[in-house]
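**Student:** One-letter residues, chain by chain:
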Amino acid sequence: MKAIEILGLEKTYNVGFWRKRLKRALHPLHLQIEEGEIFGFLGPNGAGKTTTLKLLMGLISPTAGTARILQRPLDDPAMKAEIGFLPEQPYFYDYLTARELLEYYGQLSGVAAKERSRKVPEMLDRVGLRASADVQLRKYSKGMLQRVGLAQAILHDPKVVFLDEPMSGLDPMGRREVRDLMEQLKHEGKTVFFSTHILSDAEALCDRVAIIHLGELRKVGAVAELTAGVQGRIELIWLGNQTPGALTTLGVEYHVSKDTVRAILPESAQEAALDALRREHIRLISLTPVRVSLEDYFVEQVKPAQANAKGTA
Amino acid sequence: MTSRISSIAFNTFREAVRDRVLYNLIAFAVLMSGAAVLVGQISIGIERLVVINLGLSAVSVFGIVIAIFIGIGLVSKEIDKRTLYTMLSRPVRRWEFLLGKFFGLAGTLTVNTLLMAVGVFGALLYVSKHFQSSDAWLLVALYFIVLQLLIITALALLFSSFSSSLMSAVFAFSLYIIGTFASDLRGFAAMTPGLAGWLATGIAYLVPNFSALNVINLVAHEQRVSGQLIAFNSIYAFLYAGMALCGAVLIFDRRNLK
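Taken in sequence, the protein lines are chains A and B.
If you count the first sequence from 1, you need to add 7 to reach my numbering.
If you count the second sequence from 1, you need to add 19 to reach my numbering.
Derived from the structure by calculation, the hints contain no laboratory data.
Yeah, the Cβ is synthetic: ideal placement off N, Cα and C, and Gly gets one too.
You may find that some hints are simply not true.
Computed from the model, here is a short list of chain A residues facing chain B with C-beta under 7 angstroms [what the hints assert, rightly or not]:
#, residue
1, TYR98
2, ALA279
3, PRO311
Pairwise CB distance ranges (calculated) [stated by the list, open to error]:
#, chain 1, residue 1, chain 2, residue 2, range
4, A, ARG28, B, LEU276, 13 to 23 angstroms
5, A, PRO80, B, LEU269, 45 to 55 angstroms
6, A, GLY53, B, MET262, 35 to 45 angstroms
7, A, PRO80, B, LEU276, 50 to 60 angstroms
8, B, ASP99, A, ILE244, 54 to 64 angstroms
If you only want the chain A side, here are some residues facing chain B, beta carbon under 7 angstroms, derived [what the hints assert, rightly or not]:
#, residue
9, MET64
10, LEU66
11, ALA71
12, TYR100
13, TYR261
14, LEU294
Please put together the full structure from these sequences, using the hints given.
**Tutor:** Rendered as structure tokens:
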């Protein structure tokens with residue numbers, strides 16, 4: 008079953024005070040996310056990730072198109088009882104303690120009082136805030152607020168969890184904990200839709216990713232599927248500090264250190280590069296294929312569009 | 020539905036208490052005790068009149084200031100701080116959020132008024148040494164003050180559903196001032212002929228009639244308030260506040276959150 012179906016969702020704003028002009032924040036977006044998936048929504052800052060999440064949460068209304076979550080329309084309160092949401096850089100009522108906030112949000116999500124008294128301490132434990140549960144949120148650090156945000160998003164045991172930049176503001180340990188939490192959610196059968204521009208997180212976690220840039224969807228698919236299409240590269244390391252001129256024409260990137268040279272070049276140039284090294288009597292230490300990362304793929308997708316945008320600006 | 024509205028209302032009340040809104044009661048207590056002592060010394064025979072006038076006017080002014088300055092932030096603060104995002108991603112409809120906020124502030128203002136009323140009665144007891152039967156009409160005046168506060172809160176919510184905090188404060192305060200002269204405005208409209216008369220009548224009936232809700236002078240002179248006025252004012256205030264809330268809901272329902 009589809010957990011999320013986005014059918015041509017589009018958002019255009021009127022900008023300017025006197026002379027109104029249209030600014031398209033999101034081009035018609037079509038996307039389907041299966042139940043139980045961890046789905047990464049990737050894009051640079053200003054790509055349209057938060058706009059999409061705001062549309063799905065009903066915080067802004069679409070210019071055109073529609074979407075369904077768990078087969079229900081976006082304004083259905085019964086659907087909202089089954090989703091959780093962590094906004095980007097969340098801010099909560101700072102006069103409340105973490106325990107009071109979770110109690111309050113539990114009430115609003117329709118969690119029964121008896122269940123709340125069990126779930127709230129359990130959630131505080133799960134995000135590592137038990138010790139500061141009764142401290143007002145105005146005294147919390149950014150990382151602690153992010154943890155409270157995660158707790159409120161999953162408190163009511165939602166089927167689909169939306170997380171907008173969940174790793175932002177967290178230290179490496181915090182990021183690892185969030186990753187673990189997302190994996191646990193997947194094991195519990197929940198669907199996780201998260202936006203990020205930290206690609207290593209997406210690569211480690213996601214079943215599928217979508218890349219969005221300048222409000223337009225570029226690609227959707229599994230990380231391995233997407234990166235398979237990118238031309239492979241190899242890494243050569245040799246002794247000395249010679250950089251044969253013949254290699255320069257092959258598109259080599261050099262990293263010269265005291266007694267070795269490291270060169271990265273396209274896989275297709277491997278034979279030509281080895282010939283050039285042989286001719287110069289250079290002693291090769293290693294030849295290793297370089298794994299194509301999501302970051303490489305992402306840059307390949309985003310860079311031309313960014314250059315075009317700059318050119319037309 | 021009701022549990023969500025009551026949860027939001029309770030949280031709004033809790034916010035006001037923790038943000039020290041009820042600290043205004045300290046200023047009110049100082050004012051009332053000072054007035055009671057001073058009036059006892061300088062006015063002969065009209066102590067009651069002065070204490071009732073001063074006390075009820077202070078209750079009204081303190082309440083109006085709180086209603087406007089908290090009311091205008093009820094929605095805009097939630098949008099600016101983005102606390103609304105996690106709220107509206109839950110099974111909370113926008114109108115439930117607005118009603119919860121309204122009842123929360125209305126509850127805060129009612130509790131505040133009741134506590135200030137205790138101060139007024141205390142000061143009255145101090146200057147006249149005993150209560151008399153006509154003092155019961157003070158309760159009606161206090162009830163009318165609460166009705167005014169309900170209207171102002173609903174208007175502040177209406178304005179804050181589409182404009183900035185500053186503009187909402189200006190609108191709400193202006194409307195309060197105009198509303199206190201609503202009777203004069205209606206008199207002027209009745210005397211004005213032609214199109215201007217029609218226009219003045221429209222405005223006179225559009226602004227809230229706070230002058231009808233002000234019976235402070237009446238009760239200070241130990242006069243009774245008619246049952247008809249109590250019924251009329253109650254219906255008027257609930258209808259007016261209800262319409263302002265409906266307007267706020269209609270606007271807020273269509274609003275895109277930044």
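**Student:** Are there hints from earlier that the structure breaks, and if so, what are their numbers?
**Tutor:** 2, 3, 5, 7, 11, 13, 14
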